[in-house]
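Visitor: Take these sequences, add in the hints, and give me the full structure.
Taking this note's numbering, I'd label the letters of the sequence shown as residues 8 to 273.
The set of hints was computed from the structure by calculation and includes no laboratory data.
Take these hints with a grain of salt, some might be off.
[Unchecked claim] Here are the computed distance ranges between Cβ atoms for each label pair:
#1 Asp137 to Arg95: 31 to 41 angstroms
#2 Gly242 to Arg95: 33 to 43 angstroms
#3 Asp96 to Leu151: 36 to 46 angstroms
#4 Glu230 to Pro117: 36 to 46 angstroms
We put the beta carbon where it would ideally sit given N, CA and C, even for glycine.
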Amino acid sequence: MGNVLQRNCVRLGGTPDGRPMMFAHGFGCDQEMWRFVVPAFEDDHRIVLFDHVGAGHSDLSAYDHAAYDSLRRYADDVVEICRELDLRDVVFVGHSVSAMIGVLALQSAPEHFGALVMIGPSPRYVDDGDYTGGFSRTDIAGLLDALDANHLGWSAQMAPVIMGVPDHPERAAELTNSFCRTDPDITRHFARVTFLSDNRADLAGVDVPTLVLQCSEDVIALEVVGRYVHEHIPGSTFTQLAATGHCPHLSAPEETAAAIRAFLPG
8 MGNVLQRNCV RLGGTPDGRP MMFAHGFGCD QEMWRFVVPA FEDDHRIVLF
58 DHVGAGHSDL SAYDHAAYDS LRRYADDVVE ICRELDLRDV VFVGHSVSAM
108 IGVLALQSAP EHFGALVMIG PSPRYVDDGD YTGGFSRTDI AGLLDALDAN
158 HLGWSAQMAP VIMGVPDHPE RAAELTNSFC RTDPDITRHF ARVTFLSDNR
208 ADLAGVDVPT LVLQCSEDVI ALEVVGRYVH EHIPGSTFTQ LAATGHCPHL
258 SAPEETAAAI RAFLPG
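Guide: This is the structure:
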């Protein structure tokens, strides 16, 4: 295994000669969040799981604030993993901020990617003129200030809201614990990079089959945002899930896997 694979704690599974599926976790999470969805694809896909640098079991010594000051560096890591494993025709499944990381990876190295699955994507979280992102600048400033002031308290308060499934407190607890495990300094920086990003201009360049999976009652990525992504990626497919909240791969894995399976050929 190359250094790249160790850095991002890459784990391989599924069928070695199957079409590669690469699963990319969202903010405050790690590759374990995919454990309920991955089994649905192991029989006919090569599974590639990884942690973004700064998350999970990645090499924290590889994290550098200046380098990881934009989503493009995270996209560069994705491309490096693809090159190290010589992956082609990858189905990139990105949750939340990783949906846009996938867009940027495709933009820089299109030879590796064959399809995008975007779960709860948002190209910009802050409202801007006629564009609705779901948050005002004041909202985001308050969110980031609260995270700065009390990482653990913020995690305990926000995770249940983000998860959005009050009937399943164990799922909110898992997300809370995931947030709390992440290095507070890295979490604060990644939050700024995530919530202040603007990738609207990158959507039009996506030229592979793309699925936009939109949850119901998602407070992080509103339906209007998901429909914006769909409308600005030529030929994309929009699927509205019955699942509520922002993490359907945890709260409704069967529905999530079925929607992805329906989108993929064969």
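Visitor: None of the hints should be skipped; say for each whether it holds.
Guide: Checked hints:
1. Asp137 to Arg95: 31 to 41 angstroms: Holds: the Cβ-Cβ distance is about 39 angstroms, inside 31 to 41 angstroms.
2. Gly242 to Arg95: 33 to 43 angstroms: At 21 angstroms between Cβs, range violated.
3. Asp96 to Leu151: 36 to 46 angstroms: holds, 38 angstroms
4. Glu230 to Pro117: 36 to 46 angstroms: violated, 29 angstroms
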